[in-house]
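Using the sequences provided together with the hints, build the complete structure.
For what it's worth, the numbering used here labels the leading residue of the sequence shown as 760, then goes sequentially.
These aren't lab readings, by the way, just hints derived from the structure by calculation. A few of these clues could be false.
[Unchecked claim] Straight line, CA to CA, 35 angstroms or less: simulated DSBU-like cross-link-like pairs of lysine-lysine:
1) Lys1063 <-> Lys785
2) Lys781 <-> Lys812
3) Lys984 <-> Lys781
4) Lys785 <-> Lys824
5) Lys946 <-> Lys842
6) Lys973 <-> Lys842
7) Lys1055 <-> Lys785
8) Lys824 <-> Lys840
9) Lys824 <-> Lys812
10) Lys1063 <-> Lys842
11) Lys1162 <-> Lys1133
12) Lys984 <-> Lys840
13) Lys842 <-> Lys1183
14) Lys1133 <-> Lys1183
15) Lys921 <-> Lys761
16) Lys1079 <-> Lys826
17) Lys1183 <-> Lys1126
18) Lys948 <-> Lys973
19) Lys863 <-> Lys921
20) Lys984 <-> Lys925
21) Lys785 <-> Lys761
22) Lys826 <-> Lys785
23) Lys973 <-> Lys984
24) Lys833 <-> Lys1055
25) Lys1162 <-> Lys1185
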Amino acid sequence: MKPLYIYNLFPRLYKNAKEWEKNITKISNMGFNCIYLNPFHYPGFSGSLYAPKDYYEYHPLFFSKVKSPDEQLKDFIDACKEKNIDVFMDLVVNHTSIDCPLIKDHKEWYVLGEDGDVKRPGAWENGHYITWGDLATFNLDTSPDREGLWNYLLNMCLHYLKMGFKGFRCDAAYQVPNEFWVFLISKIKSEFPETVFLAETLGCMPVQIQVLSKCGFDYIFNSSKWWNFNDSWCLEQYSLTRNIAPSVSFPETHDTPRLFEEVGKNEIAFLQRLYFEAIFSQGFMIITGFEYGFTKKVNVVDSKPEDWEDTGRDYTKKIKNILAIKNALKPLHEESRIEIIDQSNWMNIFCFVKEWEGERVLLLLNKDINNCQKIYLENIEAILRDTKIKDFSPEERTNNFVKTIDITLRPGELKIFAPEKNYKTK
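Below, the structure is given as structure tokens:
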């Protein structure tokens, strides 16, 4: 399966679908091969993208009146195809908006409370249960008309696949019965075998991911964004799941703060995280505005085109560069085994090898974003089990073959070393 380099095009930040099209060339030039759209369906009363009222109607803010929304969406997909970009859509099947017509027509499809009314989902936050008043939960598990509900959702997916979509980012996949995913994925792949299913698994335990993978998911998301480069949990989770399903790393999403704001507008910390997330796992994803260092968190209800930021920053070339490096070195674009390399400055430098099918890449990451840090490795030919080692770092490469590393890393710097013969540009 090809690595997924995903650009999450957040539709609320654009005037309409025609504006989406204008960004395809830029997205392609950075190296992304997939665009994922957040929900574009007609929303319920709250206006939240994740509260769909009608899966077959469209958000009125995203499409002009020049053509039908179907035609505009198809035009966008076709324009992406010309740049070899697949388009994925968000698949929200756990719930609908509370004012969805399906509640009137098929109340039996929903989870009902003791009073017989549709039950609203919620979550615990800081010791308090918060009810999401704009949502109604599907009863995918025990609905008396489970077959009807499942087939309704299957037909909705098939409708969009016939339009040209190539995959689904499955929202809150772990909250949906596994039996439903087995049904949906198997049915869809029998008709559209190349369809990619990406499970949103943030907050899952590895055992839950293991169960989900058996449902047929092709990709999961990992949690490397929150790793401090020291605690053991991230590498332990990666080791447990990498043979189950390849994963996607990301520096920010629509659910998180903007990275540039999160790191206090520190460009060194921003680039450190960008480079690390890009090379950590097989897949990589950014969201609209990351390439310009946006600072305002996107909002699924309130974000608007006027929130587009004129930051004066542009990281498109740096993203293009690190993705080109990722593409050229196989261990960086596979869910490779990670081996920590012991060295004296381990407190400040994360030194590790990524290995895939005998090919090895050495990576050195300065965890310290404020100070330079020294590292000495006597024989990297032995570490990489090969000769003619070269520097393929995203910044400030050396040109000579390297046998011994005795260097000082700049704050937050990432260095990449690999045998010259293994660096394969396409």
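Each hint tested on the structure:
A hinted pair counts as satisfied when its Cα atoms are at most 35 angstroms apart, and Lys1063 with Lys785 qualifies at roughly 21 angstroms. About 28 angstroms separates the Cα atoms of Lys781 and Lys812, which keeps this hinted pair within 35 angstroms; it holds. With a C-alpha separation of about 29 angstroms, the suggested pair Lys984 and Lys781 falls inside the 35 angstroms cut-off, and the hint holds. Between the alpha carbons of Lys785 and Lys824 the distance comes to roughly 26 angstroms, so the proposed pair stays at or under 35 angstroms and holds.
Distance hint between Lys946 and Lys842 is fulfilled; the C-alpha atoms sit about 29 angstroms from each other, no more than 35 angstroms. With a CA separation close to 33 angstroms, the supplied pair Lys973 and Lys842 stays within the 35 angstroms bound. As the CA atoms of Lys1055 and Lys785 are separated by approximately 21 angstroms, the hinted pair is consistent with the 35 angstroms bound. Straight-line distance between C-alpha atoms of Lys824 and Lys840 comes to about 24 angstroms, which keeps the hinted pair within the 35 angstroms bound.
Restraint check: the Cα-Cα separation between Lys824 and Lys812 comes to about 21 angstroms, which is no more than 35 angstroms; the hinted pair holds. For a cut-off of 35 angstroms, the pair hint linking Lys1063 to Lys842 stands: about 27 angstroms separates their Cα positions. With a CA separation close to 17 angstroms, the supplied pair Lys1162 and Lys1133 stays within the 35 angstroms bound. Simply put, Lys984 and Lys840 have alpha-carbon atoms about 30 angstroms apart, close enough for the 35 angstroms limit, and the pair holds.
Straight-line distance between C-alpha atoms of Lys842 and Lys1183 comes to about 22 angstroms, which keeps the hinted pair within the 35 angstroms bound. Between Lys1133 and Lys1183 the alpha-carbon distance is near 30 angstroms, which keeps this suggested pair within the 35 angstroms criterion. The suggested pairing of Lys921 with Lys761 holds, with an alpha-carbon distance near 22 angstroms, which does not exceed 35 angstroms. Taken as a hint, the Lys1079 and Lys826 pair is honoured in the structure, with Cα atoms around 34 angstroms apart against an allowance of 35 angstroms.
The straight-line distance between the Cα atoms of Lys1183 and Lys1126 is roughly 28 angstroms, inside the 35 angstroms bound, and the hint therefore holds. The straight-line distance between the Cα atoms of Lys948 and Lys973 is roughly 15 angstroms, inside the 35 angstroms bound, and the hint therefore holds. With a C-alpha separation of about 28 angstroms, the suggested pair Lys863 and Lys921 falls inside the 35 angstroms cut-off, and the hint holds. Distance check on the hinted pair: Lys984 and Lys925 sit about 26 angstroms apart at the alpha-carbon level, within 35 angstroms; holds.
With a CA separation close to 21 angstroms, the supplied pair Lys785 and Lys761 stays within the 35 angstroms bound. This hinted pair checks out: Lys826 and Lys785 have alpha carbons roughly 25 angstroms apart, not beyond 35 angstroms. With a C-alpha separation of about 25 angstroms, the suggested pairing of Lys973 with Lys984 holds against the 35 angstroms cut-off. Distance hint between Lys833 and Lys1055 is fulfilled; the C-alpha atoms sit about 30 angstroms from each other, no more than 35 angstroms.
Between Lys1162 and Lys1185, the direct Cα distance comes to roughly 27 angstroms. Compliance with the 35 angstroms bound is thereby established for this hinted pair.
Taken one by one, the earlier hints all hold for this structure without exception.
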